[in-house]
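**Q** So you can see what is in the structure, the chains are spelled out below.
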Amino acid sequence: MRRLPALVTAGLSVAAAVAAAALVRRRIGPLRSERGIAALRLAARGGVRYAGSAPRLFAAAGEKREQLRSDLALQTAEDVTATLGDMKGVLMKIGQLASYIDDGLSPTVRRTLSRLQDSVPPMSSELAAGVLAEELGQPPEQVFARWDPEPIAAASIGQVHRAMTRDGRAVAVKVQYPGIAETIAADLGNVSLLRRMLRLAAPSQDVDALISELRERVSEELDYRREARNQRLLAAYYDGHPTIHVPGVISELSARRVVTSELADGARFAELASWSQRERDLAAETIYRFVFRSLYEVRAFNGDPHPGNYLFHGDGRVTFLDYGLVKHFAPDELQPLMQMARFLCVERDPEGFRRSLEQAGFLQPEAPLSTEMIVDHLGVFYDTIREPGPRTITEQYASAVVRRFFDLRSPVSQHMRVPSTYVILQRINLGLFGVLGQLSATADWRAIAEEIWPFVQGPPSTPIGEAEAAWRARQLPGRRPVTVHARR
Amino acid sequence: MTADSYATAAGLVERSASAYISGIPDNPADDGFFGPASITWRVSGGLISPVAGLRSLILQALHPLAMAGVDQHSGWKQDPVGRLAATSAYVSTVTFGDRATAERAAAVVRRIHEHVTGTDTVTGRRYAAGDPALLLWVHAALVESDLAVRSLLATPLTPADGDRYVAEMVVAATLVGVPRAMVPAAAAELDSYICSVRPELQCTPAAKESMAYLLDPPGLDEDIADIWQDVRDAAITCLPDWAREMYGYHAPEPLTPARRTEIRQALGILDAAFLGEPGVLEARQRITARMRAAQSA
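Chains as they are written, first to last, in our numbering: chain A, 1 to 488; chain B, 489 to 785.
Isolated chain B (complex conformation) (with noise of 0.2 Å):
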């Protein structure tokens, strides 16, 4: 498998925001599991997401038996942007929507899980996408990329704010079928947690070959491929050296002031373009002022 096998990245901006706002309903029933007072959505949408989501995929393919199940079965070659619009999607749903269209999406995820297992050829290892130690590390990838994009690239949270977080985020992995007592809830936790599964990492072909594909995506416009560079190397610099060790990428240019604002802007430009797309605005309207109404309650 080359490649050339893949399909091209055309359309990521239109698809990721047709996700993003598919998740965030218009009346919602409730609040949702994590709700406008929520640190979930205060750090959720913004500038560094598109960092921050790629970097937790970086990390997320290190797990040979979950890049296996990804790799051969989610029709992730046939249409890479199809297949993050869909995490996406997810991602937003469950963030932003109401208790019931959540649970109706968790849902959706586990049935499709129960279909997806098999041997990953690297490690001769069966595997299962429904099996709750895989579930707790794409999980914990994730929480723990928001974390450390943001301490990087955009304002920290507290240590109380941090932990906060991570807790509120347990939800989400129960949702997908993880027990909550496996559940890291503080940041602590989180990052002995991730700690503890380093021993099973490994850059396996297919990981390599699919960050290959993600860090430079073939189709994308001249243009959104030069700001995709800043969301690449910036991904990579918020990386831990292990991970940036395993896959062999040079060390980035080290993060000075200058080079932050430099992505930060790159960011910033890469956001108008999303905010363009119809519909956006609008999404990201009703979660402010849903958060404004709280804090004001």
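Extracted from the complex, chain A is given alone in its bound form (with noise of 0.2 Å):
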């Protein structure tokens, strides 16, 4: 907790994230055993993971809640509110994360905070068309060929509809439920009740800058045209890629409160379970392409790690859903994180590490430290790419990953901090090691590092990386590496 300060001041939402991740382990952990006031606990301490989890307001689809309870359905925008106001639906977005940010969670208060997303009916059919009739002027049979009342799929703040367009494409169109941003807006209105969370929480915090940030990430969240935009940029930069798909947006069918994509259909992650170690491994690979490529050429990482955005279609093809929440970075801030790989993996240069370490803002200049200590510490983060060869990656070690981010007892920790910019790297340790190692994947995870790293451009290393190849060189000249700025 003592790091909190200097976090705050450089850049509020991430800060809270960071301090939700050390209150998690701190003030939840030893009370495992006590599992309601544990779940109690985390909720009242909402408001600071709320700041960190704003940013992923648009959770995947709730694959928890396979069958949706029609004869529940909210019917009026007062029952989207009765259902998800009073914190209720603030608290989830807090759920959504949590289950994300921190490893020291109990299964049983995961489940805890998964049962206010289970808690949340579907919205009824004539409540979604009202919804969408709004947002695009006509109602659903009229602006679509063909529209299905059914929700296909719960998204956390919203459910999906498949439709066809006139033109005759299939689509899923996420409806947002009426009023729900008036309603965490309200919630986060009335601060009171979070600024004495918050005080609780994070003494030494600028309360008031971190509940104003937080309200603007709101705000943006809930506009499903930032959504739009970024699986724009995606789907255009993988336009043609051999194994990874991203399903085109419908900009004349997407509005604040809908978004209308290309339909995808394909395996859930559960079913790979069940495929093939080889089917699981190229899927593995296809997903470690997708996080390096996306974040070195296209300086945007997807910081939803749920493994209910992969599809699965075989052969190592996969398609990624809900770009609710993507991190761009700026060339600055990307440079040190390649600095670091280089000198620790290729150039095999210890203190060149450490001297990249202090310039993102990692570790203290002259902290007193054995560049050997800190090279122990943080070498787990290395441990796939540091030699080639086909490696595994277990459970055991995602989890030790994940465990090693945010770790405050190592006498290393107390001259590092993790800067606020990078925070959201966490969610590759989550989103990328976690499925990875529930795959058991194999692969020689350096080779394909190699053919990634910008200052290595290797060559080619599986057939997967064959075919890339080809379709990076019918790309456009010019066109790569795209350039992005985040727009609001």
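Hints are computed from structural coordinates only; laboratory data are not their basis. Where is the CB? At the ideal position from N, CA and C, for every residue including glycine. Any given hint might turn out to be false.
[Unchecked claim] Quick list of simulated restraints, FRET-style, between CB atoms:
#1 B:Asp567 x A:His313: 52 to 62 Å
#2 B:Thr609 x A:Ser70: 52 to 62 Å
#3 A:Ala270 x B:Ala777: 20 to 30 Å
#4 B:Asp586 x A:Arg195: 40 to 50 Å
#5 A:Gly189 x B:Gln566: 39 to 49 Å
#6 A:Gly189 x B:Gln690: 42 to 52 Å
#7 A:Ala467 x B:Ala777: 42 to 52 Å
#8 B:Ala785 x A:Arg268: 32 to 42 Å
#9 B:Arg668 x A:Glu78: 35 to 45 Å
From these two lone chains plus the hints, build me the complex, please.
**A** Have a look at this one:
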């Protein structure tokens, strides 16, 4: 906790995520056995964590809610408020994030928070159609050639309907709950409870600044147009990629509370478990390539590690869904990350590695630590890429990586902090290594990384790599790398 | 007797949740005494329930004989949370259970009450828990608290629905042994009944001590304790002035729209924790589904 003030000045919402992670561990950890209390504790601390979760306001399809309870459907905007008002919508977001951000949560607490998500019924078909009509000017039957009034999936503050456009394209239409923006805004408009919780949780923080940052994020995230922009960007970049597929956005059928994109179908993550290990390895390779190609070339990172956001088609082909949380990095933010990998793994220059850490703000300059200790402490993040050759990512490895990121106990931690810009990278640990660990994926990760690292530009190392190289060769000159300016 | 002799309030949320669930049947033989189209179902188990429950306990405790019965017999101090949970389970069963189940539960309560007799040390009066006058007070405090808290912290019932609710609840009083003719069947009757009992009310040491425990229960986790402050303040805010004065509680912060929202937010968090307990969501969904079906029928 002692490192919080610096983080706050650096970047409020992300700082809150760090605070949250520390809090979750510090406050929840020891109480794991006291299930209900721990859950409440978590909920009550929500204000802080919510700040971290705000960028993730549009969550993945609620995989857990496979069976949508149409008999409980929300009929009116008032039903939405009754269900998601009084902090419940806010807490639901916190719950979604908490399940990503920290390893210290017991499965029971995770379940507890996911209950909130389960507790939100779908909209009735009339209610959903009403929102769509308000946004697109006409009722769905007129906007679309065909419209399925039954939702196919739940999104955290909306639901997904299947439809067919007038020009014959099958699409998924995400429709936001009416009034949800106002409801959540109202909960954030009356901030005395939040302020009290934040004061309790993080007394040294500038609570009011944190809250205003929070409000800003929320209003941003409640606008589906932003998500559509990010999805369009990545869809354009990956156009024609052999194994990575980003569904295209139909801009003219998207608005603030509606986003229409090309319908994608495929096997869910859970089904992948029954596929051959070879298939799982190929899928893992594609996920790995997607994360690092996006990061290094589009300088964008899809911060949603939810396994429900992947659809699998076999032979390593994967569709990536949901762009509600995309973080854009500036070149000078990305540079130190590349330097760190380069010095540690390629140049094998521990002192250079240490300097990069200091430059990025991860490590205090002149910290009284031997470089060996630092490499020992942080090397775990690079375990899969320090040496060539096939390596299997195990669940144990994934959870060690996650724990290490916010580890406050090690003596090295005393002199380290996670700069606000990079806090979101924890989602790489969770979203990438967590998923790869669940797949027990094996590959020569180093060789793949070398293909992607701009400072190496290694040759294709796998069949997917070959196909990717061909795709890159086909890309128009000057189109790569895509220059991105995050816009609101 | 000091407050130190009370057991801690740990497990409040968990045990309240089990109590609530225990009353909600999977396959009811019938719709019970209220049913899915009733106002009672509509107002039961919502966000404000903890406040309404606490407010009704504060009022109920002002009847010296009712308080003495609880104080001297019910194992209240040894296991206050268990005692509250037992009451919650009973209320849940009578509200949502089928008729046979509700009647069985009521018979158990009546049987327990038979053995609860004694002398109140403050007033020197004899009491019996089965005394319809005491039972009626307990009933009235509960019903009136639901209405009062709802009107201040939630969407108030229309006057007609308020009357309907009071009338629906008459059967709950008769189940524990109050003759129907004694039970107020409209909101105005309920208010005048409560006024008529006021001369008998008194803040005895037992009442003061029990409520001191409930308002600041020891052994709660720090975060529950934080939320509980709002539940407590809300309950005190919603009390009639005379009751607040009898206890000597400070006049509450005015219930501005902002304060009301804050209270509701705190209750929302508490409700979320409640919802996280195993089975609560399913139980609520069973009730909602039946109410929906009744609506569309």
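**Q** Each hint should be assessed against the structure and marked as holding or not.
**A** Now the hints, each set against the structure:
1. B:Asp567 x A:His313: 52 to 62 Å: holds (58 Å)
2. B:Thr609 x A:Ser70: 52 to 62 Å: holds (59 Å)
3. A:Ala270 x B:Ala777: 20 to 30 Å: holds (27 Å)
4. B:Asp586 x A:Arg195: 40 to 50 Å: Since the Cβ atoms of aspartate 586 (chain B) and arginine 195 (chain A) sit about 47 Å apart, the hinted range of 40 to 50 Å holds.
5. A:Gly189 x B:Gln566: 39 to 49 Å: holds (45 Å)
6. A:Gly189 x B:Gln690: 42 to 52 Å: Holds, since glycine 189 (chain A) and glutamine 690 (chain B) (Cβ atoms, about 44 Å apart) stay within the stated range.
7. A:Ala467 x B:Ala777: 42 to 52 Å: With Cβ atoms ~51 Å apart, the hint holds.
8. B:Ala785 x A:Arg268: 32 to 42 Å: Given range 32 to 42 Å: holds, Cβ gap about 37 Å.
9. B:Arg668 x A:Glu78: 35 to 45 Å: 36 Å Cβ-Cβ, so the 35 to 45 Å window holds.
Hint check: no violations occur; every hint is consistent with the structure.
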